[in-house]
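Knowing the structure of chain A, use the given hints to seat chains B, C and D on it.
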Amino acid sequence: MLSLIVFLPILAGLVILAVPSSQKQIIRMVSLLAAIAQGVLAVLIWQGYDASLPGITAAAGGAPEGSFQFIERLPWINLDLGTMGSLNIEYFLGVDGLSITMVILTALISIIGVLSSWPIQKQVKGYFILFNLLSTAMMGCFVALDFFLFYVFWELMLLPMYFLIGIWGGPNREYAAIKFFLYTLFGSVFMLLVMIGLYFSVTDPVTGNHTFSLVAMASQENYIKDAILGPDNVMWRYAAFIVLFIGFAIKVPMFPFHTWLPDAHVEAPTPISVILAGVLLKLGTYGMMRINFPLFPEVFQASLYVIAVLGAINIIYGAFCALAQQDLKKMVAYSSISHMGYVLLGLAAANTEGMVGALYQMFNHGTITAMLFLLVGVIYDRAHTRQIDKFGGLASYMPVYAAVVTIAWFASLGLPGLSGFISEAFVFVGAFSSETTRNVAIVSVLGIVFGAAYLLWSLQRMFLGKRKPDAAYDLEVGADGHEHIHFHDWKGKLDLDARELVMLVPLAVIVIFLGIYPMPVLGMLTSSINKLVEVLSPVVMTALN
Amino acid sequence: MELITNIGLNHFLTISALLFGFGLFAVMTRKNAIVILMGVELILNAANINFLAFSKFNGGMEGVMFSLFVIVLAAAEAAIALAIVINIYKIFRSVDVSSIDTMKE
Amino acid sequence: MHSLIQLSIAVLLLPLLSFVILIFFNKRLPRRGDFIGVGILGTTFALSLYIFWSVVVQAYDPAFRVAWDFTWIDFGNVPGVGPLEIKMGIVIDNLTAIMLAMVTLISFLVHLYSTGYMAGDKHYGRFFAYLGIFTFSMLGIVLSDNLFAIYIFWELVGLSSYLLIGFYFEKDSAADAQKKAFLANRVGDIGMWLGILILYSQFHTFSYQEIFANLAAGKFGMSEAWLTAAGILLFMGCVGKSAQFPLHVWLPDAMEGPTPVSALIHAATMVAAGVYFVARIFVLLTADALHVIAFIGAFTAFMAATIAITQHDIKRVLAYSTVSQLGYMVLGLGVGAYSAALFHLVTHAFFKACLFLGSGAIIHAMHHEQDMRWMGGLRKNMPWTFATFTLATLALAGLPLTSGFMSKDAILAGAIGFANAEGGGIYYLIPFLGFFSAMLTAFYMGRQIWLVFFGESRTHLKPADDHHHGHDAHAAHGHDDHHEEAHGVHEVAWNMRTPLVILAALSIFAVYSPDPLDGAKGWFMSMVPTPETVVGSAAGEAQPHETSSASGNAAQLLAEAIPAGTHGAETDAHSEGVASEAASEEHGSAAAVHGTTHGEAHGHEFSDPRQASIAHAAHEAHNPAIVISSIMVVLGISLALIVYVFRIIDPDKTAQSIRPLYLFSFNKWYWDEIYQATFIRGSLVISKVFSWFDTNIIDGIVNGVAVVTKKVAFASGGFDKYVVDGTVNFTAFFVNTTGGILKKLQTGKVQTYVVLLMLAVIGYFVYYFTQLIS
Amino acid sequence: MFELPSGAEIQSIIATLKTGVGFFIPEIYLSVLFMLLIVIDLVVKGRKNNLLSAVTALGLAGGFYFIYQQHLLEAGEIFFGMYVLDEFALFFKYFFVLSGILAVLVSVADDQLNRQARSIGEYYALIVAMVIGMIMMASSADLLMMFLSMELVGLTAYVLTGYLKNDPRSAEGALKYLVYGAVSSGLMVYGFSLIYGLTAETNIMKISAELALHGYDPLVMMLASLLILAGFGYKIGAVPFHFWSPDVYEGAPTPVTAYLSVGSKAAGFAILMRFFYVAIPHGGEPFQDIAGMDWLSLLIVISIASMIYGNVVALWQKNVKRLLAYSSIAHAGYALLGIIAMDELGTQATLFYLLGYLLMNIGAFYVVILISNRTGSENLEDYRGLGRKMPLAGAALTVFLISLVGLPPTIGFIGKLMIFSALLAKGSVFIWLALIGVLTSVISLYYYMLIPLNMYLRESQQPDEGKDATGMVHRIGIAVLMILTIYFGLFFKPLLDFAKISSSMLGMTIY
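Each protein sequence line maps, in turn, to chains A, B, C and D. Residue numbering for the first sequence follows the UniProt record's numbering, beginning at 1 and increasing consecutively. Residue numbering for the second sequence follows the UniProt record's numbering, beginning at 1 and increasing consecutively. Residue numbering for the third sequence follows the UniProt record's numbering, beginning at 1 and increasing consecutively. Residue numbering for the fourth sequence follows the UniProt record's numbering, beginning at 1 and increasing consecutively.
Mixed in with the good hints there might be a few duds.
BS3-like, lysine-lysine: derived pairs with alpha carbons at most 25 Å apart [to be verified]:
#1 D:K389 / A:K125
#2 D:K206 / B:K56
#3 B:K104 / C:K749
Computed from the model, here is a short list of chain C residues facing chain D with C-beta under 7 Å [what the hints assert, rightly or not]:
#4 P624
#5 V689
#6 F734
#7 T738
#8 L742
#9 K743
#10 T747
#11 V750
#12 Y753
#13 V754
#14 A760
#15 V761
#16 F765
Worth flagging that the hints you see were computed from the coordinates, not collected in a lab. Just so it is clear, CB atoms sit at the ideal spot from N, CA and C, and this is done for glycine as well.
The following block holds chain A by itself, in its conformation from the complex (with noise of 0.2 Å):
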């Protein structure tokens, strides 16, 4: 099941790669598929899941079933090191809450992601290949419970997306593709080093063998005590704790290391920045989740305020880029870094309400930042600028369009009603309910102000008023009387289309369902969090040693 779901955009590469690249409707229509399919089993997957059963650690006895979902385990490679016990890498994937959201949300932004790379035309057959290559590698991720596999899955990622951006990006392609690519290397070869010494440090309590397992990482009791990475080792565990943190962080991104990201966002083509907001940043704080925390719980209690801080940081200093920015899609980039900030804020807090409000905030960001660049996308493709001063007035020639954009943009910005509130109001009531981070907290919610601040502000200078002297498009009174504009050289429809409908409506539906009931999404990731939450109390700690 989850290898279908990991390995189907692989299949429909090889099939691409079949097929002749003059045959672009064909390319595109494997591609879709593909992704529809990986939609399909996504539902099934979450249709069949047990929401009861915890997940992050090993159930009682040291296996995983019981705890996990939809495992597959095979011995991949096994091999005998002689003095250094054996070297056994396992191709095991299955979920938990942790892991079923983003499993969820992957496949959904798959099919965005396809449906809004129509319009490409360069090269479309190494496009879509490499797009499923990614799409392969992000899925993989969220399922791996190896950590071998997590990180064959984590580096696959970064040649597509360097391609991706470098060759159907934009201007200044080049230098923000080699910077994503090196600022990301550089935080995962840390994380190769600390996955050897964690090997070396971590025994499988079934077999006794060294293992890679997630699973068997995430219990403190499987620690050799004298190893590299064991409890007796302080010092190193620190170390490998801040640069697995770094790590991650790059991906977040979190400030410092966010630089990449606006560079990224710009330059890539719509799609790739939907793919990127949607579910690579979140790579960064479920790795955190997933793997930085529940392995140095006593690290990571001893962090917690400078991981607020830091949230804070990306919250606040993020709202503030974006009031500045000229270019929208800039604006929308460092939206995110703000609104990963939540994230961080909420893993901080280190209790249920925060942590399930930071998952939960991952998912929403995931849909919401995907609309928010379709719809920058959408007046891209028809303006070819993304200046926002070039507009002005367009909510009375683009009704729909205004529509759909004042939807996502209060969606951003947390409006009640509209799933993000939801996840960040849970980040705050977490953070503030724990004495460590409640003062960051107090601090972080002028991000609130400031977020509505940018967000309508650049709503009421594109959309409202009236038509700009300087505006990108023009303005002419139609046969009915009434005064309609029309882009230069855009042919296709003036306000929405029906593709471009296809992929915001659902998600538009699925921001306000999930802000008026949140509890099909919640209801999956409450016993993880409340798990995880357990697997990195201080209490936990103390008995162990």
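Below, chains B, C and D without anything else, positioned relative to chain A:
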């Protein structure tokens, strides 16, 4: 005879060290490729002296064998070296190694 | 589920239905579907009227309360907390019922009115849709039984207000106003949210009842200061919504919206929601918090009144008067005159809605002329409007026999009593400001009435440059302008007239109380008694039995919160009051008697000594309040007459003579300018700084940028502006420079290679040698 | 002075030699092949490039059979301890024959080389000779044998480098290689002489026994190991013995460059490991008294210098061959890390790393050759837009480069993984080495990615000159190499097991 018998290992080693030094000096300073190769010969012969001296004072024939092979190989090396140097001369019209630096950095 | 609950759910959801239908289908429906909006709201009103009837009239019980809730979010078994659920629910008590009736009535009337006022607008249908979602959110605020829900609806009314203020979004002023309104409210909401967080962090619940019960049981884990902070922070929500100082600036600008919206949202209901919310959380406000609230209310009332007297725009005058009246209500809550404040909320809602709709009628008739300087003499053309407008004005000014008199008087009485009970001093400032503002109110309302309805039409005086609509044609030909005007301006149609009449009728004292001088005798203040504080000094031992039942059913909790027999006692006290009041009418000697009796009555109502003493003092202060306020009103009106009717004082001259004061008032105390200069400019500057920091500092080590750009650029063209940045940037910089140096070693001269080789060998040997001999 | 040996002694000597021959069959076979090639070159007239290349490739492939036969023999030393046969040696025999075959393949691909139709026969003969030399390097257990085999490799390498007689760069490369190589081997011999002086032995096992027995003067030993390391280090091209490599790699015919970069480098590693592990294995425990760790500290310094220098200077290269030359210096540094670990895991890692490097580096040069066949240039600028004109080559090159960076799922990643595992398995002492390793590999990403960046992200100025003329053989060739690079990146167990088995040397005492 007196004299000969009073000569100890150290004398040989000193000589070989000196030879080694001269060889290196030649290799480093002389411009002419041929002279440089002669410097290499000096280095090899310094090693030879060592081998012979050690085999004389430690007993055993390995040193002698070694020096013989070194001499032979030196000859072979010289042959190939000359071929290359001639080719260089055909192309660059010079055997001044310091002037042959088209590939750098 | 209680039948009332089912009804109230219907009441809540029907307007939403109207919104959904209209937003999607208004273009396809006849008349853009306005009949749907009106019809649905009519039904809603009927239902709420039934609820009102069965709650307030049939079950005549101050403690009446039905509640219902359901699990909204289930966190499962939370470590350290245990099973945790977030509930959503509905509570109906007297206050709710009254508010329901009021909101739906006004909303219904405004719908009706809009069919006339908005006729022919481009987005006619959308307007009704927005009204629908507003009504929905407003009813949500009224009905919800927990802080989280109220916060949700709180923001939703903010949204609908945003949409409606910006209804004419082509106008930049409107767009600015809507943004301003939303942001100002957000600022208030931050505080409210933090207050909610403080309470949640202690009790892990949002429900009023559970929070109150826990507080009463003294379970609050943090220090007293945090509790006061919670109160003040929650009050900040009210500051934003009810346009209290310092966040009042958005309300006057909000008048950019269509006038019916101003009537519904920015006069009657939404702005009052702030007061309603404070009333909901009244019991957890500590004494200090209440003091803050009282002072802010008093100051707002005074400041707004002073601004109102110099405005020219008819709607702005009303807007500032709204701010001022809201200040009264807040003041009332602050001084503990709970019932009075809410009473004023309701009465004010009706007469202020009437005033706005009236002004709307005028503006409509005057072809969107809003400046009072160019009006005048309308009483002949618009008799109905004139009559209703005047009646409402009297109520607002607080003349006896009007609803406004009773409520305002009760608040002021409370203020005096509060000042007395708190031991005077600075606290006398509060009643003083209250009374002074009362006079100002009378003055500026008198001014408005005169400018609008009396005298001759001054349309022709209007300079040609700042006209709104094509009147300049008339301005050209001299004396028969007035003649033209007389024909141009005429009474509005029935669908705009009816609401005026109904609302005006609702500003008559008889609706609320048999005694025109004492609202306390009326059903309202009896049905909405001041609740028992849960944070008072004596609270702890006052309700020991609550702790046990804290976890239990919330519904019977409040019944316990108010000590048994309160109802009886209340009614006794009431009748007692009537009797002694009647006596005091003849000879004031009996005053002492009724004072004591009332003292007892209230004394055993409140177990909290402070609350009791204030309540007692308030009753003491009842008569003085009546007298003083009447005097103030008379003063104000007569001043208006002197200035504008008899022209004894020429307003313009006076304005010149006290120019600084005049400008200060005319420019609204310069608040907008101050905020513009500080907060808005400030944050923009900060944002600029940050983004510069982002692109230049973080995004490329400062000095490295140029160098690295040059060095790396050759390899990968596009590096025109920056270089790979942050840490990577530094690496690139470092790496490249080192590389640039190191590559020089590769000179291409073979001898150099040999030399370097020997240097390396010898160097290491020497190093090793030194290591060895040391 | 010495009396002649008696007849009996001579008989016994001959007997020993005869038994020894049984262990020497692959080398003999290859020598026959070498002569056969020369003969063919002499007798056959006309164009015989394809014939010669086919014969060479098949002949070398045939060598696998004889090497496989040797698995039946048990490990042991022959020719009076001159020569050994053990798993370690066998590994490298396979390795060098394979590299020889690949070298022939890439040589066939290179137009520039084949334009010199005249006397191409010597070329293949020399390749075979070099294979023999490298095999002997890996198997020799005596200082003399080591010297001889290294000279054999060296001399053939000089000739191959200068093979394009009329190309000045080729000639210059040859000269530099010659001078530098001669000096280095001179130093090495001098070091050998010192070792001989210390122990009066030339057989490395006897040497280690002697040293263990009588101890030694650390100063002399240090000097000796320094000088010897100069000889080995120049073969593996590690800083500071690397100076020849960029110029030679750039000047030599590309197939030769490819061959040197994997073949003689690996041979250098083989001889280095055998010498230091077997002859002077002490000082295994690092960070004790400096006198106790003579050569290990040296290796640590060298590998760090190589990793940093190679990667950092490669950033500046505009010529792809030269870029790969510098990167090969860096890779020498990575491979050395495995040796520094000084245990079975480390050796295994190094052997595996060399295997991976063989695949990906030959592959990379293969594509470089195909591209220069088309564009006639190896400059980075001329790679613009090639990704679209030569899709397969572009994809393959990208894969090889990714593998060289060490990203999954490629064999290069597993190589680095094993190397770092070996370091971290020693506890926290070598973590800083591993850190340098990963950081420099991040740097390497940058310059490696410059090539795909030019191939895909940029458009070429000159118009597309016709379609890709690459022959089907070479398409298949690079495709196979690419697939292997990925396949062994996912299923690397067989190779690792092989490397583990092969990590045992005759007479080695450290593990």
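Cross-check of the supplied hints:
Distance hint between D:K389 and A:K125 is fulfilled; the C-alpha atoms sit about 15 Å from each other, no more than 25 Å. Straight-line distance between C-alpha atoms of D:K206 and B:K56 comes to about 19 Å, which keeps the hinted pair within the 25 Å bound. The hinted pair formed by B:K104 and C:K749 meets the criterion: a straight-line CA distance of about 8 Å does not exceed 25 Å. For C:P624, the suggested interface contact is broken, since its CB lies about 82 Å from the closest CB of chain D, more than 7 Å.
Interface restraint check: C:V689 against chain D, minimum CB-CB distance 32 Å, threshold 7 Å, status violated. At about 9 Å, the closest approach between the beta carbon of C:F734 and any beta carbon in chain D exceeds 7 Å, and the interface hint on this residue is violated. Of the supplied interface hints, the one on C:T738 holds, with its beta-carbon coming within about 5 Å of a beta-carbon of chain D, less than 7 Å. Proximity of C:L742 to chain D holds as hinted, the smallest CB-CB distance being about 5 Å (cut-off 7 Å).
Contact between C:K743 and chain D, as hinted, is supported at the beta carbon level, the nearest pair being about 5 Å apart and thus within 7 Å. Residue-level restraint check for C:T747 is violated (minimum Cβ-Cβ distance to chain D is 9 Å; threshold 7 Å). A cut of 7 Å between beta carbons decides the hint on C:V750: the least distance to chain D is about 4 Å, and the hint holds. Interface hint status for C:Y753: upheld, as the beta-carbon distance to the closest one in chain D is roughly 4 Å, under 7 Å.
Below 7 Å, beta-carbon pairs count as interface contacts, and C:V754 has one with chain D at about 5 Å; its hint therefore holds. Proximity of C:A760 to chain D holds as hinted, the smallest CB-CB distance being about 4 Å (cut-off 7 Å). Annotation: interface hint on C:V761 holds; nearest CB of chain D at approximately 5 Å, less than 7 Å. The interface hint given for C:F765 is met, as the beta carbon of that residue sits about 6 Å from the closest beta carbon of chain D, less than 7 Å.
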